[in-house]
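Residue numbers (our numbering), protein chains in the order written: chain A, 933 to 1356; chain B, 5 to 477.
Because the hints were derived from the structure by calculation, they are not lab data. A quick note: this is a predicted structure, and the numbers were derived from the prediction, not measured. Check before you lean on any hint, since a few could be wrong.
As the list claims (entries may be wrong) - Below, computed lysine-lysine pairings styled on PhoX-like, alpha-carbon distance capped at 20 Å:
hint	chain 1	residue 1	chain 2	residue 2
1	B	K124	B	K72
2	A	K1257	A	K1154
3	A	K1191	B	K198
4	A	K965	B	K105
5	A	K938	A	K979
6	B	K325	B	K444
7	A	K964	A	K1047
8	B	K413	B	K373
9	A	K1326	A	K1154
10	A	K965	B	K72
11	A	K1230	A	K1271
12	A	K979	A	K952
13	B	K444	A	K956
14	A	K1272	A	K1154
15	B	K105	A	K964
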Amino acid sequence: MEQILKAFEKAGVSVWRLTKNRTKSAELYFIKKELDIPRYKDIEVTKAEIFRDFEEDGRRFRGSTEIFIEPGLTDEELETKVKNAYYAASFVKNEFYELPAGHRADHAESRADYKDMPITEAAGRIADTLLSVNSDEKAFINSAEIFVRRSENRIMDSNGTDVSYAHDSIWGEFVSQCLEPEDVEQYRQFAYGSLDLDALRARLESGIADVRLRAMAKSAPKAGAYNVILTGENLREILRFYESRSSSAMVYPQYSTWKIGDQIQDTEGSGEKLNITLKSDLPFSAEGIELKDCPLVKDGVLQAIHGNARFAYYLGIEPTGSFEKMALDAGTMSYEDMKKSGALEAVSFSDFQMDVMDGHFAGELRLALLTGEDGRVTPLTGGSINGSILTAQKKLIFSKEQYKDSSYEGPLAVMIPDVTVAGE
Amino acid sequence: MQVSSSTYLTSLRPVLKELLDALLERYEYASILATDVEMKNYNVSRSGIRIAENNMFGRRGFTARVYKEHGYLEYSGNSLSADMIPEILAYFDGPLTGFAKTFDRVETPVMDDQEVSFVKSTEYRIHPAELGDEAIVDKLVNLRENTMKADEALLECSVRMNYQVYHKVFLSRHRDLEQNIMFSDGACFCLARKGEAVKDGYASVSLLGGAEVLDQLADCADKAVDAVKAALIAEPLVPGEYDCICTPTVTGMIVHEAFGHGVEMDMFVKDRALARSCMGQQVASELVTMKDGAATTYEDVATYFFDDEGNLAADTVIIDKGILVSGINDGVSAARLGVKPTGNGRRESVDHKVYTRMTNTFFTEGTSKVEDMIASVEDGLLLDCPTSGMEDPKNWGIQCMVSFGREIKDGKLTGRVFGPIVLTGYVPDLLKSISMISEKVEHCGSGACGKGWKEWVKVSDGGPYIKARIRLG
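With the hints as constraints, model all of the structure from the sequences given.
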C-alpha cells in the first residue's frame, strides 16, 4: 500500500480509495467418483479508485477512474498508471458527491467455523461427503466442482476509512444424473459460510431425488394458466425485483420511480404482504461502510433505498452499502397444502430469470410436479412459464416452512397465481 | 498496426523458464501459461460517466501445470519471482500431490507436446490508448445526447465501449508460443417507460481491433431505439408452434446455446452430451453447415493463435450439410478421447481451470434472399433481439429468449409485435426444420459465454437469417 500512496502523492491525487484482496483457493473437480484435477491458487489484487474534483461554470464535479494494481508493477509503471488515471478522471464529469464518512475498525475475523482449518483440508472433507452419497449405479452425481476460498480484505480511503476482514466461503456445483427410464441430468449449486456437511449431504441427496423424478417425466404440462409454486433459489430470483427496484443505482437514474413510503405492493384477497430485510455475511461494504440489517419492505411499503455513497448523496439519503442476502417473513400456508391445491410446482429450470426492468419472469421447465386430487404426483418436463410480478404480486402466498442459503433466509416456497404455461 | 509484445512478460521470461525447468526436473510433463491483460470499460448513462479497468476476462498472472499420478495438477498465482519457486514446488509436492494420491484419478494420457515456436499478433487500426480517454468519452457522450434528443420517449440511452489487449506466453518442454491480441466492443442500451414497467432495446458491435469500433456505434444506437420501440408495443404471445424467421443475432443464439454447447467434448468425457452418440448422423437440415474456431476465416473477438493449453487454433466444421461430423475440445479432453486437439481449451482468466469452450461459432451462408424468406411465411414471426439462452447438452432441450417477434401474415410484416418470447423444444427438431437460409453471415461478439453459470469467456456467434418451425411461449 505504501508504494501506491507514494504514487498518489507524486501524481497529486488527494481523494482515493484502495481495496486490497488476497484470495487463496483450493479447487477440486470430479467426474463421477474420480478426481479430474486438483488446483490451488493464490491471487492478490488491489483496486485503486482515483477521484478528481473540478469546477465548470460554477458547478462542482467529482470524476473518478478505477485501476487494478497487480504484483509485478515497477515503481515507474505504477506512477504512470496512477498519473494517467488521474488525468482520465478529469473527463468523468459526474456531479460532486462525498465519500462515506471515515470509519476505522479492528480487523474482523472470519465468521466461518472452519477458519482455523487449512482450506485444502476443508476441500477434502467436502469431497469425502460428495463421494459418500454418490453410491447408486442408476442415479448418481455425474460431476462436481468444489471451491474453498479464504480471503483477506482491506479497504482504505482518503477520508480516513481503514477496515479489514477475513472471509471464508465454500461454493460448488454438481450435476446429478439418472440413467433410467430416461437418461437425464439436473444442475445444482451449493454455497455455505460454514463447513456444514449435513446441509451439503441433504443438498446432494435432494439433487439425486429430483433427477430420479425427472427421469420419469414423460411430457410437458398442458398449456394454460396455473398457480405456480417456486422454491429456493427461484423464489430468491423473484425477490430480486424488489431488491433492484429499491436500489439507489436504479432510483437515481429514474429507472425506478420508487420512494420511501411508497406502497410498492398492493394485495387482493388472501394475497400476503411482503416483509423484506436486506442482510450480509460480510462486515463491511466495498466502500468500507459497516453493514447492518436493512429493513427494506414492511407490509408492502418501501422502507429504504439502499446502495453506495455516490447515489445516496445525490438522493439526500444515508448510504447503506450493498447487501448480498435477503430475508423474508414466513408465510401462512403449508408447503404441503400448496402442492395439494393443484398448483404446478416448478422444481427446476434450465435457467429462470427475473427481468427487473419490466417485471417479467420466465424459464424453461426441466422438472415440474403436479399433484392430483388423489394425491398422486405427476413429474413433467419441458414447456415454459412466463409471467409478470407486477400483476402476480397482488396474490402471492408464502409457505410457513423456512429455507436458508448464502443469499436468502425465508419461506421455502411461494405460490404465484395465474401464470401462463406454454406446454403441450 | 500490430499489437506489440508485453514488456512485463518479456521481463518475466527468465523466471518463467526457471520455474519450467524446475518442474520438468520433477515431472514428465510441465507447462506454464503466463498472461498480461489490459481491459478498460467506458460507459455513459443517466448515472454519469464511468472509466474503469476490468479484470473479468484476465489479469497478470500464471498457471503452472504438471502431470503426476495419472493426471494433471495446477497452481495459479499472480506474483512470481525466482525466490518464490521453492514455495510453488512445495504446493505441487504437498497438498496437490496429496489430493492426487487420496482420490482415484480420471485416467489421462500425457498431452501431445510437439515442437512449435512462434510470436504472432493481431492487427488494429486505432489503439484506444492513443486515441485517448477524452476523445472516447466525448464520442460516447455525443452519441448519447443525440440519440436522447431524437426521441423524447426514451428514458435512457446508455452507451459503452470496451477494449481488451491481452498477451499470452505458453512454455513447455517443446513449445514456446507468444500471442498479442486486441478486441473491442460497444453497445447501446435504450429504455422507455410503459406504466410501471421499463422496456429495453439493445444493440451491439464488436471486432478484432481497437477504437475503430466507435465508427459503428451510431448504427447501433438506431437499432437499439428501434428495438425499444418494438418492445413498447409488444403484446403477449399465444403459446404454440410458429413459422419463424430468425435474424442473424437470434440464429447466433440458437447456434451457440442450443447446439454449440452440446459439442463441447469435455461434456463427452463426462457422458453429459447427447451429441457423442450422434456423430455421423443427420442432426439438421441439409442446408445447415456449422463451424467454430479461433482460426476461421471470419475474425472476431474470439480469434487467437493458440489456446490456453498451447494447442494451435483451428477452423472446425461441426455440422456439414446437416450431418454432425465433429465436436470441439480442450487438450486434456482430446487426450482422454484419443482425438486431435481443436484448440478450444480456454480459461476465463489465467487463474481459472481450462474447459472446452466455443470461439467464433456460426452457421455458414445459404442462397435465399431475406425478402423472399419473409414472403414465404403465411402466418408467423420475425424473431429479433436475443436476450439470453441456456444450454442442455444432455437432452438437447432449448431455452432461448428474445425480446420480441414481429408478426408476419401472408408474407408481409403487419406492424404487430409480440414479446417477450421463450423458444423451447428439441434442438434437432428445430435444426431439421430449417428450410431457408439467407446469403449473408453476420456475427456478434459483444457478450460473454458461461459454462453453466460461471467461467465467462469472450465469444462471437452468428450466421445468416434462417427460416424454421419453432415452439414459442
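Consistency of the hints with the structure:
no., hint, verdict
1, B:K124 - B:K72, "violated (31 Å)"
2, A:K1257 - A:K1154, "violated (36 Å)"
3, A:K1191 - B:K198, "holds (18 Å)"
4, A:K965 - B:K105, "holds (14 Å)"
5, A:K938 - A:K979, "holds (16 Å)"
6, B:K325 - B:K444, "holds (17 Å)"
7, A:K964 - A:K1047, "violated (29 Å)"
8, B:K413 - B:K373, "holds (18 Å)"
9, A:K1326 - A:K1154, "violated (25 Å)"
10, A:K965 - B:K72, "holds (18 Å)"
11, A:K1230 - A:K1271, "violated (27 Å)"
12, A:K979 - A:K952, "holds (6 Å)"
13, B:K444 - A:K956, "violated (48 Å)"
14, A:K1272 - A:K1154, "holds (18 Å)"
15, B:K105 - A:K964, "holds (17 Å)"
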